[in-house]
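Residue numbers (the numbering used here), protein chains in the order written: chain A, 1 to 232; chain B, 233 to 464.
Because the hints were derived from the structure by calculation, they are not lab data.
Glycine included, each C-beta is placed from N, C-alpha and C at the ideal position.
Mixed in with the good hints there might be a few duds.
[To be verified] Residues of chain A placed beyond 12 Å of chain B at every Cβ, according to the derived structure:
id	residue
1	E26
2	R29
3	N43
4	V53
5	D127
6	R130
7	D134
8	S136
9	E189
10	E195
11	A215
12	R218
[As the list claims (entries may be wrong)] Derived contacts from chain A toward chain B, CB cut-off under 7 Å, selection only:
id	residue
13	S18
14	E60
15	R63
16	K67
17	V75
18	E91
19	L98
20	S155
21	R157
[Said to hold, decoys possible] Below, in silico cross-link-like pairs of lysine-lysine (DSS-like), each with a Cα-Cα straight-line distance of 27 Å or less:
id	chain 1	residue 1	chain 2	residue 2
22	B	K304	A	K67
23	A	K207	A	K117
24	B	K399	A	K167
25	A	K67	B	K299
Residues per chain are reported as follows:
Number of protein chains: 2
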Amino acid sequence: MLISKDAAAALEMRRSHSLATLVQQEIERLILDGDLKAGERLNENALAARLGVSRGPIREATRGLEKAGLVKLVVNRGAFVREIGLAEASEIYDLRALMFGLACQRVAARRDPGRLKILLHLVKRMDDVRRDADASAYYPLNLEFHETLIGFADSTRLAAIYASLVKEAHLFRRRALSSNVNMAQSNAEHRRIVEAIVAGRASQARKLGEAHVLAGKRRFLAAIGGPERPTT
Amino acid sequence: MLISKDAAAALEMRRSHSLATLVQQEIERLILDGDLKAGERLNENALAARLGVSRGPIREATRGLEKAGLVKLVVNRGAFVREIGLAEASEIYDLRALMFGLACQRVAARRDPGRLKILLHLVKRMDDVRRDADASAYYPLNLEFHETLIGFADSTRLAAIYASLVKEAHLFRRRALSSNVNMAQSNAEHRRIVEAIVAGRASQARKLGEAHVLAGKRRFLAAIGGPERPTT
DNA sequence: AAGGTGAAAACTGTTGACAATCTGCAGGGC
DNA sequence: GCCCTGCAGATTGTCAACAGTTTTCACCTT
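With the hints as extra help, turn the sequences into a complete structure.
Here it is in C-alpha cells:
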C-alpha cells in the first residue's frame, strides 16, 4: 500500500464530498439532533462562523436541505427548519409504504440467491435479539433490514426517495418511536415478507411490505397522536 | 386595481423567485428542449455569460437540478446532463404509477364535490377532442387531468415527487410519446377512475389509477423499446 | 512512432465584499 | 391612544477575484 489508510480515507472524502456536502451533512445532523429547533431560522453568518467556512457552502447546503424537505426557503428571509405535523407525518408513512412495497415486489421478481440469504440472516438476527428483549439492538437491525431491502430493489430513484422520506420523518416533534415497537409482531411481518420474496410471490410481497409500513404507521399514530382516526 | 397587471406579475415573480430559481427554470428548459444534450457538461462561465448573471446563481441552480435528477454532479468536474436509459425510464413509470394510484385513493377518500365536478368536466372535454381525433388538443388536457388529480390529493410531498418524476421522464432520449396515444382507451381509463372516485371506492380508484399509468408504460415500451420484455 | 512527462490553460471550489431587502423601533400625525 | 412613516441595524442576494484541481497538448524519452 502506497499511503496510509487514514490518508486514503481522507482523500476519498475530499474526492467525493465537496465542502458544501460536508456542511450539509453537518447541518442535517444539527437539525435531526434537535440543536436547531423546528421553525428556527438558519442564520448564514452564524453557521459560517460556527463551521469555519464561508457563506457560499452554507447557501449551497441550505438549498440542498430544501430539496431534501428539511428546511423551507423564503426569499430574502432565509431558511427555516421545517416543522412536520401529524397529517404530514401520516402522508410520509403512506409514501414510504408504497416505496417499500414496490421494493419488495422488485426483489421478489428478481430473487437473487445471495441477497435472499442476507435478508434471511437479518431476520434471524432480529429474532435472536427479540428473544433477549433487547430493544436497543433491535432498532438498528430493523433499520438495516429496511435499507438493505430498498437497496436490493436496484432502483436509485426509489432508494433516493425512500431515504429522503426517512429523513423527513425524523422532523416530527417527538421521535420516541424506537422504544415501543412490538418486536415480535414486527419481525413476524419481516419473516412473512421474506418468505413471500423467496417464494417469488411478487405481488404478495408487495402487499405485505406495504402493510408492514402501514402497521408501523398505525402503531405510531396510536402512540403519538392519541385519539386520532386513521386518515386513509 | 392600484397597479398594472404586468407590473404586479413582475413583482410577484421577483417576490417568489430569486434569481437562482429563474436561472434553474431556464436551464431546465434548455435541457428539456434539447439545447443542452444528454451527457453534455454545463459550463458555469458560458451559462453565466449567456444568461447575464454571475456564477453564483448558476451554481445554486445546478445544485437544484441535481436534486431534481436532471443533472449529475461530479466534484471538481462540474454538472453533466443526465441520460436516462430504458430501465430507468421504466422505473420512473413504476414510481409514477404508485404516486398516481395513491392520489386517486386519497381523492376518493375525501370526495370533495367541487373537485369531482372539475375532474368530470376534464374527462368530458377530453372526450370531445377525442371525437374530433385532435391529438394535439388531447395531450395538454391529459396532462392537466393528471396534475389536477395529483393536486387534489392534498399532499405536497406527493405532488413534489410526482412533478420531479415527470420532469425526469422527459430526459429519455426520444419524447415522441405524445402523438401515438390511444385517446379512446386512455380516456376510458380516466372515466373509470373518476367513476370509482365519485363512488368513493378508494382502493378500486387506487388500482385503476395505478393501472392507468402502467398501461401508459406498456404503450411507451411497445412504441420505443421494441422487443422489450416487461420488467415487472 | 508510441508512450510518458510536465507545464499551461480551462474550469470548478471557495472566499470576502458590495448591493438589495427585511425587521424593529422611534417619532410624528390623526 | 393608535396607526402610519421613515430611518438604522441586521441579514440575504449577488458579484468579482483568488486558490486548487482537472484537462490538454507540446515536448522529450525510449
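Verification of the supplied hints:
Every CB of chain B is more than 12 Å from the CB of A/E26 (nearest about 17 Å), matching its label as outside the interface. Annotated as non-interface, A/R29 keeps its C-beta farther than 12 Å from every C-beta of chain B; the closest such distance is 19 Å. With a minimum CB-CB distance of about 18 Å to chain B, A/N43 clears the 12 Å threshold, and the non-interface call stands. A/V53, annotated as away from the interface, keeps every beta carbon of chain B farther than 12 Å; the closest lies near 15 Å.
Here A/D127 stays apart from chain B, with its beta-carbon at least about 30 Å from theirs, past the 12 Å limit. The Cβ of A/R130 lies farther than 12 Å from every Cβ of chain B, with a closest approach of about 31 Å, so its non-interface assignment holds. A cut-off of 12 Å between C-beta atoms confirms that A/D134 is not in contact with chain B; the least separation is 34 Å. The beta carbon of A/S136 is kept farther than 12 Å from every beta carbon of chain B, the shortest such distance being approximately 30 Å.
No beta-carbon of chain B comes within 12 Å of the beta-carbon of A/E189; the shortest separation is about 20 Å. At roughly 21 Å from the closest C-beta of chain B, the C-beta of A/E195 stays outside 12 Å, upholding its exclusion from the interface. Under the 12 Å C-beta cut-off, the non-interface status given to A/A215 relative to chain B holds; the minimum distance is some 17 Å. The claim that A/R218 is not at the interface with chain B holds, since no C-beta of that chain comes within 12 Å of its own (minimum 16 Å).
Residue-level restraint check for A/S18 holds (minimum Cβ-Cβ distance to chain B is 5 Å; threshold 7 Å). Checking A/E60 against chain B by beta carbon gives a least distance of about 6 Å; that is within 7 Å, so the hint holds. The restraint placing A/R63 at the interface with chain B holds, with a minimum CB-CB distance near 5 Å, inside the 7 Å limit. Annotation: A/K67 was flagged as interfacial toward chain B, and the flag holds, the nearest CB pair being 3 Å apart, inside 7 Å.
Look at A/V75: its Cβ gets to within about 5 Å of chain B, closer than 7 Å, so that hint holds up. Interface hint status for A/E91: upheld, as the beta-carbon distance to the closest one in chain B is roughly 5 Å, under 7 Å. Contact between A/L98 and chain B, as hinted, is supported at the beta carbon level, the nearest pair being about 4 Å apart and thus within 7 Å. Interface hint at A/S155: satisfied, since its Cβ lies 5 Å from the closest Cβ of chain B, which is below the 7 Å cut-off.
For A/R157, the shortest C-beta to C-beta distance to chain B is roughly 6 Å, which falls under 7 Å, so the interface hint holds. At most 27 Å may separate the alpha-carbon atoms for a hinted pair to count; B/K304 and A/K67 meet this at roughly 15 Å. Distance restraint check for A/K207 and A/K117: the Cα-Cα separation of roughly 21 Å lies within the 27 Å cut-off, and the hinted pair is therefore satisfied. The suggested pairing of B/K399 with A/K167 holds, with an alpha-carbon distance near 23 Å, which does not exceed 27 Å.
For the given pair, A/K67 sits about 6 Å from B/K299 by alpha-carbon distance, which is consistent with the 27 Å threshold.
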